[in-house]
Amino acid sequence: MTDSPVGLHEFNRVVRTTLLVPVTVLALLAGLLVWQVEQALDLRQHSIVDSRVIDQLLTLQQHAVDQETGLRAYQLTGLPSLLVPYNAAQPGIDGALAALQQSPATAVITPAQVSRLQQDIRAWQTWAAGVLAQPAPAPEAVTAALTQQGKGLMDGVRQDFEDALGTARRERDAYDAKLNQRVSRFLQFVLILALAAGITIGIFASSRLQRVSSTYELALEELQEWNAKLTASQQLLATTLESIGDAVISLTKEGNIRFMNAVAQKLTGWPLSAATGHPVGEVLRLVHPQTHQPIGDVLDELGRSDALGVRLEGTLIARDGSDYAVDAKASTVVDAEGHADGSVVVFRDVTELRKAEVTLIANEKLAVTGRLAASIAHEIHNPLDSVANLHFLISQEGDPQRRSDYLKLAQQELGRTLQISRAMLSLYRESPMPVQVNLEELVGSVLLLLDRKMRDQNIRVEQSFTHPVHVYGYPGELRQVFTNLIANAGEAAGPNGHVRIQVRPASPLDGRAGTIVEIADSGRGIAPHVEKKLFQPFMTTKGERGTGLGLWVSLGIVQKHGGTVRISNSTEGDLRGAVVRVYLPERSAQAKAEEEDHDAPLIAPPFESAEEWAVKPFSVGAGVQQPLL
Amino acid sequence: MSRVPTILCIDDEVLGLEIRKVVLEREGYVVHTATDGQAGLRIFRQQPIDAVVLDFAMPGMNGGAVATALREIRPNIPILLLSAYLTLPQEVQQMVTLVANKGDGALALLRNVKRILEISGEQP
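For the record, the sequence lines run as chains A and B. Here the first sequence is numbered in the numbering used here, starting from 1 and rising by one per residue. Here the second sequence is numbered in the numbering used here, starting from 1 and rising by one per residue.
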């Protein structure tokens, strides 16, 4: 009773057996009773048959006595009228005998007894027929001998009757006694059984009920335990949600507020009680950082859509009008059947982070210049040296032709200096609008600045351009990107290395129309352990010499232009180092320019793998849902 | 110095090198030129050279490496190292007689060449 594990299932089982056992016992009892009754009925059938045989015997006897009485009266009187009973009894005798002969085999009278009886009756009747065949006798003529003969025969008949009746009566009495005994025994039996069944059922039911009660109690305890656990788990979840630093908002299928944790309430300025049931767009007002257009519309439908989630970066306008830069991630909640059932938005205040990123990006711009400083100094001082020397020669020279030649040379060298200083300054001077950029010219000016660096290390730079190579964008930023990427390639290639720059229109395989700039080097490629971290800020393979921000910022710039950056190791061709592919769409920058101004901060997303194109896998769409910039 | 000093100029900037040659020749020096370190060393071995005007930033061998090779052949050869770089590694500066910036002008160049020749004359 206390052994089994308890559960609702067990509880049901106990209840079931508690009902089943008494029902089974009673059914067995009923079966037994039916059997007993059938036995009794069988005995009674015997008794009935015996009684019928006895009746028939008595009828037969009556008729035989009637015949004898009739015949004797005839013998004494000689009056034929007195023979009427004799004749009237004859059919009765025949019928009774026939009935007796057809008695069932189980009857108390044996066929031998019946045939002896018939034989004796027929013998007497034969004798009687002989008496009747004689002429009506005179009363005195009835001889004693004759009478004696008839009496003898009838005595035989009587004896037979007595035998048969005796047997039949004994048999019937025996059956009756047996029946009585059976009935009384049956009554006793029923009484005892009923008593036993009653007691058994009583004991069983009581024990079972005890068990049911204890099982029920245990089940109840278990339920209470579960309830306590559930409450504890709910409290833990609630505490966890309240304690985490991120803001969490749970939305219904319809996009209304279901729950907000403390951080979410603080950031939005909405207390949970006020926010519950309101559409998410009212409480979580996400807008584009520059255009202030709402960007959170997608959240309304997320809870009933097939999309897995969406990532949003933008500005949150709180209830009191204050604003925060936020990074939000919304996911669809899927129920046990796999249907969308609301959504969860997790977001955090990244205002400080954005400020830090802006600073980092500014630093990186300086670092790019630093990287070029030695090269630029050399590039400017070489022509200046020539100009200074030419100035001396011109001042000393008397021949006008040679003076003119020296002047031309000086002009040429000054032109070179200007070109280089312009190339350098154009890293800083940015057009306020996206403009058409000739990538051939742009890459050429970057190479002008890097030329010295490459030549010093005897690095061969190969360029190939497939026209057209125009994109819309911000030339200063793109210069920064290609300065970074080509300088990286040069450093990877090392002394006597080889760098190849290919600029070509994007093929249909690349998706939209645009340009691919591919920079391959003859270096050792990217180590597997570095690959996943390439685009993370502060990731550097150059130790103290690198800021670790170059690729991170470059990716941000390219994404701002609607493009992607992919880095892999080349497995074919003569250059077996790293290959950087920059995809820039033809018009995206211009389209974007209508929404934002140019000096928005550049923010690059976390990157999963170097193999991955810079399209965030989490997002359901691009553009306004990811206002990165 | 009984004869006209012979100067070897090594620089990968061809135009600058040629102009420098004209400036020095006008001053009366005999000038040989080479556009890389290997060619310079070849000339240095074959010709009687009194001083070398060397550029630092060059493909292949840089000025420091060329200076080391020159000094291995002739430890006392006067070397003027020209550089557009603002600072040069300490060990490179020790390897040459004098370091000067490019762009200081022809007069400075002539003064510096004269000076390294004098320094070498003081230390026979």
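Wrong hints could be hidden among the right ones.
Claimed, not checked - Reference excerpt, derived from the structure (chain B facing chain A, CB under 7 Å, subset only): (1) 15; (2) 19; (3) 65; (4) 84; (5) 103.
Stated by the list, open to error - If you want a taste of the chain A side facing chain B, the calculated C-beta under 7 Å gives, among others: (6) 377; (7) 384; (8) 385; (9) 458; (10) 569; (11) 571; (12) 572; (13) 575.
Simulated from the structure, these hints should not be mistaken for lab results. Glycine is no exception: its CB is placed at the ideal position from the N, C-alpha and C atoms.
Each hint tested on the structure:
{"no.": "1", "hint": "15", "verdict": "holds (6 Å)"}
{"no.": "2", "hint": "19", "verdict": "holds (5 Å)"}
{"no.": "3", "hint": "65", "verdict": "violated (12 Å)"}
{"no.": "4", "hint": "84", "verdict": "holds (3 Å)"}
{"no.": "5", "hint": "103", "verdict": "holds (4 Å)"}
{"no.": "6", "hint": "377", "verdict": "holds (5 Å)"}
{"no.": "7", "hint": "384", "verdict": "holds (4 Å)"}
{"no.": "8", "hint": "385", "verdict": "holds (4 Å)"}
{"no.": "9", "hint": "458", "verdict": "holds (4 Å)"}
{"no.": "10", "hint": "569", "verdict": "violated (27 Å)"}
{"no.": "11", "hint": "571", "verdict": "violated (30 Å)"}
{"no.": "12", "hint": "572", "verdict": "violated (29 Å)"}
{"no.": "13", "hint": "575", "verdict": "violated (20 Å)"}
Hint violations for this structure: numbers 3, 10, 11, 12 and 13, all remaining hints satisfied.
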